[in-house]
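Chains as they are written, first to last, in the UniProt record's numbering: chain A, 1 to 406; chain B, 1 to 406.
If you are wondering where the hints come from, they were derived from the structure by calculation, not from laboratory data.
Note that the Cβ used here is the ideal one computed from N, Cα and C, for glycine as well.
Check the hints yourself; a few may be wrong.
As the list claims (entries may be wrong) - Subject to a maximum C-alpha distance of 27 Å in a straight line, what follows is the list of computed DSSO-like cross-link-like pairs (lysine-lysine):
| # | chain 1 | residue 1 | chain 2 | residue 2 |
| --- | --- | --- | --- | --- |
| 1 | A | K72 | B | K137 |
| 2 | A | K32 | B | K72 |
| 3 | B | K30 | A | K33 |
| 4 | A | K258 | B | K252 |
| 5 | A | K137 | B | K72 |
| 6 | A | K28 | B | K72 |
| 7 | B | K19 | B | K389 |
| 8 | B | K258 | A | K28 |
| 9 | B | K137 | A | K137 |
| 10 | A | K19 | B | K258 |
| 11 | A | K72 | B | K252 |
| 12 | B | K19 | A | K335 |
| 13 | B | K252 | A | K19 |
| 14 | A | K28 | A | K335 |
| 15 | B | K335 | A | K52 |
| 16 | A | K258 | B | K72 |
| 17 | A | K254 | B | K252 |
| 18 | B | K72 | B | K164 |
| 19 | A | K383 | A | K305 |
| 20 | A | K72 | B | K195 |
| 21 | A | K164 | A | K19 |
| 22 | B | K252 | A | K30 |
As the list claims (entries may be wrong) - Pair by pair, the computed Cβ-Cβ distance ranges are:
| # | chain 1 | residue 1 | chain 2 | residue 2 | range |
| --- | --- | --- | --- | --- | --- |
| 23 | A | A79 | B | K305 | 36 to 42 Å |
| 24 | B | N378 | A | D58 | 22 to 28 Å |
| 25 | B | I23 | A | G114 | 47 to 53 Å |
As the list claims (entries may be wrong) - Every beta carbon over 10 Å from chain A, so not counted as near; a handful from chain B, in silico:
| # | residue |
| --- | --- |
| 26 | V3 |
| 27 | Q13 |
| 28 | F57 |
| 29 | K82 |
| 30 | D85 |
| 31 | E185 |
| 32 | C269 |
| 33 | E291 |
Number of protein chains: 2
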Amino acid sequence: MSVRFSDRINAMQESPIRKLVPIANAAKAKGKKVYHLNIGQPDIITPPSFLKSIREFDQEVIAYATSPGDPKLIEAIAAYYKTYDMHFEPDEILVTNGGSEALMFAMMALCDPGDEVMVPEPFYANYNAFTRAINVKIVPITTKAEEGFHLPSEAEIEKNITEKTRAIVLSNPGNPTGVIYTRDEMDMLSRIVRKHDMTIIADEVYREFVYDGLKYTSFGNLPEISDRVVIVDSVSKRYSACGARIGSLACKNKDFSKQVIKLCQGRLCVPTLEQVGATALYGTPASYLNEVNTEYQERRNTLYKALKEMPGVICEEPKGAFYVVIKMPVDDAEKFAIWMLENFDVDGETTMVAPAAGFYATPGLGKNEARLAYVLKNEDLAKAMDILKAGLEAYPGRIESPIPSA
Amino acid sequence: MSVRFSDRINAMQESPIRKLVPIANAAKAKGKKVYHLNIGQPDIITPPSFLKSIREFDQEVIAYATSPGDPKLIEAIAAYYKTYDMHFEPDEILVTNGGSEALMFAMMALCDPGDEVMVPEPFYANYNAFTRAINVKIVPITTKAEEGFHLPSEAEIEKNITEKTRAIVLSNPGNPTGVIYTRDEMDMLSRIVRKHDMTIIADEVYREFVYDGLKYTSFGNLPEISDRVVIVDSVSKRYSACGARIGSLACKNKDFSKQVIKLCQGRLCVPTLEQVGATALYGTPASYLNEVNTEYQERRNTLYKALKEMPGVICEEPKGAFYVVIKMPVDDAEKFAIWMLENFDVDGETTMVAPAAGFYATPGLGKNEARLAYVLKNEDLAKAMDILKAGLEAYPGRIESPIPSA
Numbered sequence: 001m002s003v004r005f006s007d008r009i010n011a012m013q014e015s016p017i018r019k020l021v022p023i024a025n026a027a028k029a030k031g032k033k034v035y036h037l038n039i040g041q042p043d044i045i046t047p048p049s050f051l052k053s054i055r056e057f058d059q060e061v062i063a064y065a066t067s068p069g070d071p072k073l074i075e076a077i078a079a080y081y082k083t084y085d086m087h088f089e090p091d092e093i094l095v096t097n098g099g100s101e102a103l104m105f106a107m108m109a110l111c112d113p114g115d116e117v118m119v120p121e122p123f124y125a126n127y128n129a130f131t132r133a134i135n136v137k138i139v140p141i142t143t144k145a146e147e148g149f150h151l152p153s154e155a156e157i158e159k160n161i162t163e164k165t166r167a168i169v170l171s172n173p174g175n176p177t178g179v180i181y182t183r184d185e186m187d188m189l190s191r192i193v194r195k196h197d198m199t200i201i202a203d204e205v206y207r208e209f210v211y212d213g214l215k216y217t218s219f220g221n222l223p224e225i226s227d228r229v230v231i232v233d234s235v236s237k238r239y240s241a242c243g244a245r246i247g248s249l250a251c252k253n254k255d256f257s258k259q260v261i262k263l264c265q266g267r268l269c270v271p272t273l274e275q276v277g278a279t280a281l282y283g284t285p286a287s288y289l290n291e292v293n294t295e296y297q298e299r300r301n302t303l304y305k306a307l308k309e310m311p312g313v314i315c316e317e318p319k320g321a322f323y324v325v326i327k328m329p330v331d332d333a334e335k336f337a338i339w340m341l342e343n344f345d346v347d348g349e350t351t352m353v354a355p356a357a358g359f360y361a362t363p364g365l366g367k368n369e370a371r372l373a374y375v376l377k378n379e380d381l382a383k384a385m386d387i388l389k390a391g392l393e394a395y396p397g398r399i400e401s402p403i404p405s406a
Numbered sequence: 001m002s003v004r005f006s007d008r009i010n011a012m013q014e015s016p017i018r019k020l021v022p023i024a025n026a027a028k029a030k031g032k033k034v035y036h037l038n039i040g041q042p043d044i045i046t047p048p049s050f051l052k053s054i055r056e057f058d059q060e061v062i063a064y065a066t067s068p069g070d071p072k073l074i075e076a077i078a079a080y081y082k083t084y085d086m087h088f089e090p091d092e093i094l095v096t097n098g099g100s101e102a103l104m105f106a107m108m109a110l111c112d113p114g115d116e117v118m119v120p121e122p123f124y125a126n127y128n129a130f131t132r133a134i135n136v137k138i139v140p141i142t143t144k145a146e147e148g149f150h151l152p153s154e155a156e157i158e159k160n161i162t163e164k165t166r167a168i169v170l171s172n173p174g175n176p177t178g179v180i181y182t183r184d185e186m187d188m189l190s191r192i193v194r195k196h197d198m199t200i201i202a203d204e205v206y207r208e209f210v211y212d213g214l215k216y217t218s219f220g221n222l223p224e225i226s227d228r229v230v231i232v233d234s235v236s237k238r239y240s241a242c243g244a245r246i247g248s249l250a251c252k253n254k255d256f257s258k259q260v261i262k263l264c265q266g267r268l269c270v271p272t273l274e275q276v277g278a279t280a281l282y283g284t285p286a287s288y289l290n291e292v293n294t295e296y297q298e299r300r301n302t303l304y305k306a307l308k309e310m311p312g313v314i315c316e317e318p319k320g321a322f323y324v325v326i327k328m329p330v331d332d333a334e335k336f337a338i339w340m341l342e343n344f345d346v347d348g349e350t351t352m353v354a355p356a357a358g359f360y361a362t363p364g365l366g367k368n369e370a371r372l373a374y375v376l377k378n379e380d381l382a383k384a385m386d387i388l389k390a391g392l393e394a395y396p397g398r399i400e401s402p403i404p405s406a
């Protein structure tokens with residue numbers, strides 16, 4: 001007998017980042033070493049204050065926290081935002097189960113089934129999961145490797161806005177592209193959302209990961225749209241605490257948190273202990289973040305230098321986050337990724353990449369692209385890149401040069 | 001400027017359990033002591049193994065866990081189910097962010113917007129939140145205080161089934177009613193779901209809270225529907241660890257976990273440390289659960305004895321969980337609850353109850369009913385009940401006798 005599943009879950013795809021994991025595990029079981037460029041799990045040590053504060057927790061009953069979040073954590077998040085000249089009252093911040101729940105709640109609050117959100121593609125692949133689960137449609141704003149994934153013109157973007165378009169969802173710094181939007185691009189988006197009565201859901205979990213001394217502006221720094229900007233945040237990357245699952249929503253429009261609090265109450269609360277730990281994390285000295293930034297910038301340099309030396313690979317230098325999307329001279333990036341795991345090694349070692357098709361909403365795009373995360377330490381990263389270069393040369397499905405963007 | 005919010009979030013209500021909290025806080029600020037019968041936050045000590053195992057965690061990077069859940073925790077949950085003669089393979093169990101996420105994921109996997117789930121009412125109020133957030137309609141199966149909240153006849157239930165009815169969602173033992181369904185009732189539901197190609201989503205988080213030596217059967221113990229039963233579970237009540245937010249889904253139909261895993265990947269993982277703690281909790285000796293059961297049975301006795309002595313109060317003896325829904329001789333239970341907080345005390349102390357209207361889907365039902373949670377220690381519970389009795393006598397909106405069920 002078979003259960004009938006919903007159309008929405010049938011429409012969901014397995015995570016393109018995680019679905020090749022069984023193949024990687026099989027390779028490892030055969031003794032092959034795999035360098036993971038496919039997942040954004042940093043090797044940076046989590047500030048010890050996280051575990052320290054949790055170890056000191058000594059209440060006998062592990063009780064519910066309040067639904068909007070532990071007031072101490074909310075205070076710590078507000079203090080952190082002040083350092084970016086963003087000023088949120090405690091009732092304008094909600095703690096969530098990771099940035100994932102923050103994104104989901106923001107879209108639920110703004111979109112009914114059939115409504116649309118515009119998203120620059122390639123985008124964080126789980127945006128597909130979130131939107132399909134709640135029957136929201138992604139209208140992609142296509143960006144290209146050759147242009148460093150910067151946005152198309154205002155007219156180009158406006159062309160696809162309908163009366164069902166409720167928000168623009170984007171990550172800045174960009175996952176998977178490493179793009180940092182210019183002030184001109186941000187002003188353009190500001191004009192668009194005001195003109196068309198839309199909201200910006202700004203996923204800024206990589207705020208500290210900006211390189212080359214580039215000036216970073218948050219969407220929370222644009223006063224003219226402060227009532228229509230929702231900031232999604234997380235401790236995952238900032239403090240290398242992905243497993244803590246502590247995120248947040250911040251919005252100067254008080255109606256927003258009044259609405260979203262109903263979703264927060266529905267799931268009762270975020271784990272009590274993780275909030276204690278996250279509060280400590282937000283007290284981490286700026287020197288930690290500076291050191292992490294320096295470390296990632298070096299890794300970015302290692303990665304980009306190596307990529308430039310690979311014939312047929314197309315990419316611009318990523319300026320933020322710790323990812324890059326590259327076009328490769330291969331017939332199919334997923335086939336190539338699997339081939340690297342199953343059929344290729346250099347001295348018993350290989351490299352795993354994330355095929356990029358799952359990061360696009362437009363069918364057919366990203367077929368010969370991959371996302372690389374530079375979360376490994378420099379020497380490992382250098383080895384991984386050497387292996388990738390050798391793999392691209394040896395791959396039977398190699399093509400003359402990647403298919404250019406239309 | 002105002003943002004346009006979604007119909008789905010506008011349709012959500014504030015938690016009836018939590019929405020009076022500001023009024024309670026105001027009472028406390030004036031020095032009044034409030035006995036909380038409104039929320040199921042037990043005062044039972046969490047087994048120390050929870051914090052102990054977390055304190056011993058010593059990895060330097062708090063990394064993502066696997067999306068379906070930590071294999072050790074899944075193994076521990078499977079071993080726990082074996083003690084109830086339920087036999088799940090590891091790939092038939094998924095770890096979730098509390099029972100809340102488990103319920104949400106199960107309904108998303110089975111229902112598209114506009115689909116229906118049948119739920120015996122009164123029901124756990126957050127079912128309203130979950131379903132509205134994902135555009136699923138609750139079709140209530142009305143049950144009555146006078147009948148101990150047992151189910152109506154098979155014909156009565158079948159009358160409301162449509163081609164859009166995808167599942168029956170229920171809690172057993174029942175929150176908020178304290179009902180334990182008889183084997184006959186379970187067999188009836190089994191016939192119904194087979195006949196109409198539906199699934200049972202069985203919220204059994206109170207499995208250990210069954211009194212008077214009553215034999216408890218899980219929906220997981222009915223082999224004829226094992227492929228269409230989804231078990232929702234949680235450590236929250238079982239181990240008094242509400243703040244851990246660790247729940248699970250279990251289903252013998254392997255297609256179910258294959259579908260739901262896509263939702264799990266979407267939110268990446270459940271917190272790493274909480275899973276370590278929960279694994280330890282599932283190793284708690286049975287003696288702990290027996291002691292807790294004895295303690296709650298005594299509290300149930302204290303509560304029920306006191307209720308029987310309150311003129312005009314109608315309820316049957318609750319047999320499980322740690323709640324009861326009572327009809328009270330009042331015009332409006334919410335007004336009464338607020339009045340108790342704002343205008344009534346006995347020697348500076350008062351009692352807080354949860355108005356029951358929010359536990360019903362049928363408009364108008366539950367207006368003079370309240371849910372009481374007996375999670376306080378016996379002496380406090382006795383005091384709280386004395387205050388409730390005195391309050392009911394003094395309340396200006398007292399009516400001759402509660403409105404009988406239709």
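A quick look at each hint next to the structure:
no.: 1; hint: A:K72 to B:K137; in the structure: 37 Å, violated
no.: 2; hint: A:K32 to B:K72; in the structure: 25 Å, holds
no.: 3; hint: B:K30 to A:K33; in the structure: 65 Å, violated
no.: 4; hint: A:K258 to B:K252; in the structure: 40 Å, violated
no.: 5; hint: A:K137 to B:K72; in the structure: 37 Å, violated
no.: 6; hint: A:K28 to B:K72; in the structure: 21 Å, holds
no.: 7; hint: B:K19 to B:K389; in the structure: 23 Å, holds
no.: 8; hint: B:K258 to A:K28; in the structure: 24 Å, holds
no.: 9; hint: B:K137 to A:K137; in the structure: 22 Å, holds
no.: 10; hint: A:K19 to B:K258; in the structure: 12 Å, holds
no.: 11; hint: A:K72 to B:K252; in the structure: 42 Å, violated
no.: 12; hint: B:K19 to A:K335; in the structure: 53 Å, violated
no.: 13; hint: B:K252 to A:K19; in the structure: 23 Å, holds
no.: 14; hint: A:K28 to A:K335; in the structure: 18 Å, holds
no.: 15; hint: B:K335 to A:K52; in the structure: 46 Å, violated
no.: 16; hint: A:K258 to B:K72; in the structure: 39 Å, violated
no.: 17; hint: A:K254 to B:K252; in the structure: 45 Å, violated
no.: 18; hint: B:K72 to B:K164; in the structure: 38 Å, violated
no.: 19; hint: A:K383 to A:K305; in the structure: 13 Å, holds
no.: 20; hint: A:K72 to B:K195; in the structure: 53 Å, violated
no.: 21; hint: A:K164 to A:K19; in the structure: 32 Å, violated
no.: 22; hint: B:K252 to A:K30; in the structure: 32 Å, violated
no.: 23; hint: A:A79 to B:K305: 36 to 42 Å; in the structure: 51 Å, violated
no.: 24; hint: B:N378 to A:D58: 22 to 28 Å; in the structure: 26 Å, holds
no.: 25; hint: B:I23 to A:G114: 47 to 53 Å; in the structure: 39 Å, violated
no.: 26; hint: V3; in the structure: 6 Å, violated
no.: 27; hint: Q13; in the structure: 7 Å, violated
no.: 28; hint: F57; in the structure: 7 Å, violated
no.: 29; hint: K82; in the structure: 24 Å, holds
no.: 30; hint: D85; in the structure: 22 Å, holds
no.: 31; hint: E185; in the structure: 22 Å, holds
no.: 32; hint: C269; in the structure: 7 Å, violated
no.: 33; hint: E291; in the structure: 15 Å, holds
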